[in-house]
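Quick note: my numbering has the sequence shown finishing at residue 98, numbered continuously throughout.
Since the hints were made in silico from the structure, they are not lab data.
Certain hints may be false.
Computed cross-link-like contacts, DSS-like style, restricted to lysine-lysine with a CA-CA straight-line distance of at most 27 Å [said to hold, decoys possible]:
(1) Lys46 with Lys88
(2) Lys37 with Lys74
(3) Lys74 with Lys46
(4) Lys51 with Lys74
(5) Lys94 with Lys37
(6) Lys51 with Lys37
(7) Lys51 with Lys39
(8) Lys39 with Lys88
(9) Lys74 with Lys39
(10) Lys37 with Lys88
(11) Lys51 with Lys94
(12) Lys94 with Lys74
(13) Lys94 with Lys46
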Amino acid sequence: MNKDIFEGKWKEMGGQIKEWWGKLTDDDLEQAAGNSDQIIGLLQQKYGYTREHAEQEFNKRIEAVKENIK
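Starting from the given sequences, assemble the full structure and let the hints guide the process.
In structure tokens:
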């Protein structure tokens, strides 16, 4: 799933994202507005992940969603 598709599906995925990362609030998700870089930054901030770890977590989840869409 590329960045444009992710941002387009943002509202559909909001609940799922909160299930994955419960420390992210509705306000956090609204502020990020589907911007993957902002979500990665929030994962770093809320969970103390390194940039690399946050990107890996994010990409792993997005790949799983992409596989379910096929």
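Of all the hints numbered above, which does this structure not satisfy? Sort the numbers upward.
Nothing - there is no hint that the structure violates, so all of them hold.
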